[in-house]
Amino acid sequence: SMDDSGSDTITFDENITLRSTGSFILLVAGDGITVNPTTVLNAATYIEIRSDWEDGTLNETLNAAPVNSVNHGAVITTQGTFIAPLGMYINTYGGPDTINLYTVADTVTTTVHTGAGADVINLYRSSNLAGSQTNIYGDDGDDNFNLYNTINNVTIDGNGGVDTFHMYLAPTSSGTMTCREPASSSGG
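Residue numbers for the sequence shown, in the numbering used here: 3 to 190.
It is possible that part of the hints are untrue.
[To be verified] Label pairs and their computed distance ranges (CB to CB):
no., residue 1, residue 2, range
1, ARG21, LEU171, 32 to 38 angstroms
2, ASN17, ASN137, 29 to 35 angstroms
3, PRO173, GLY133, 29 to 35 angstroms
4, THR47, THR11, 32 to 38 angstroms
5, HIS168, LEU20, 18 to 24 angstroms
6, VAL122, ALA67, 18 to 24 angstroms
Note that these hints are calculated values from the structure, not bench results.
Glycine included, each C-beta is placed from N, C-alpha and C at the ideal position.
Could you build all of it, start to finish, from the sequences and the hints given here?
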């Protein structure tokens with residue numbers, strides 16, 4: 003599902019399991035990807051989710067970038083269960099993207115790159131993800147990072163642009179939060 007039609011989305015219905023017994027799971031869409039709360043993605047190696055991919059050519063290399071993409075923006079929402087012993091990767095490219103992370107893979111590192119554009123990253127965490135690490139890179143653009151009730155270790159790197167960081171934590175929040183912004187940026 004890779005075009006710039008404006009309705010190029012992947013949505014997992016409730017109670018769906020997608021399993022790769024020998025390799026990775028790669029989800030690619032031009033506009034949006036939604037993984038519902040009762041969906042299970044179970045990969046033998048890693049899971050990669052790419053949205054705002056408007057290039058008609060698929061490159062299966064991990065963290066590949068599109069060659070011919072207009073990048074109008076996309077929405078990714080991760081709820082459900084993710085099993086990926088070698089990590090989980092979420093990539094958007096140019097344009098104003100919104101990433102809603104409710105759940106990520108347990109006990110491994112999840113890496114998010116938002117690409118250029120004014121992006122919104124919402125990190126919602128109410129489940130116990132002991133041992134997991136989430137690294138979020140805002141890349142270029144004026145990004146807005148919102149962290150809600152986390153229980154694990156999170157590193158946010160705004161990279162370029164004037165970025166905004168918001169934390170809404172509950173008494174049950176725990177873990178470590180690290181925010182980085184380049185010295186040349188006026189964000190903080």
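Outcome of the hint check:
1. At roughly 35 angstroms, the beta-carbon separation of ARG21 and LEU171 lies within the given 32 to 38 angstroms, and the hint holds.
2. Separation of ASN17 from ASN137 is about 30 angstroms and conforms to the stated range, judged on CB atoms against 29 to 35 angstroms.
3. Hint check: PRO173 to GLY133, Cβ distance near 22 angstroms, so the stated range 29 to 35 angstroms is violated.
4. For the pair THR47 and THR11, the supplied restraint of 32 to 38 angstroms is violated, since their beta-carbon distance comes to about 25 angstroms.
5. Hint check: HIS168 to LEU20, Cβ distance near 33 angstroms, so the stated range 18 to 24 angstroms is violated.
6. Between VAL122 and ALA67 the CB atoms are about 21 angstroms apart, so this pair conforms to the stated range of 18 to 24 angstroms.
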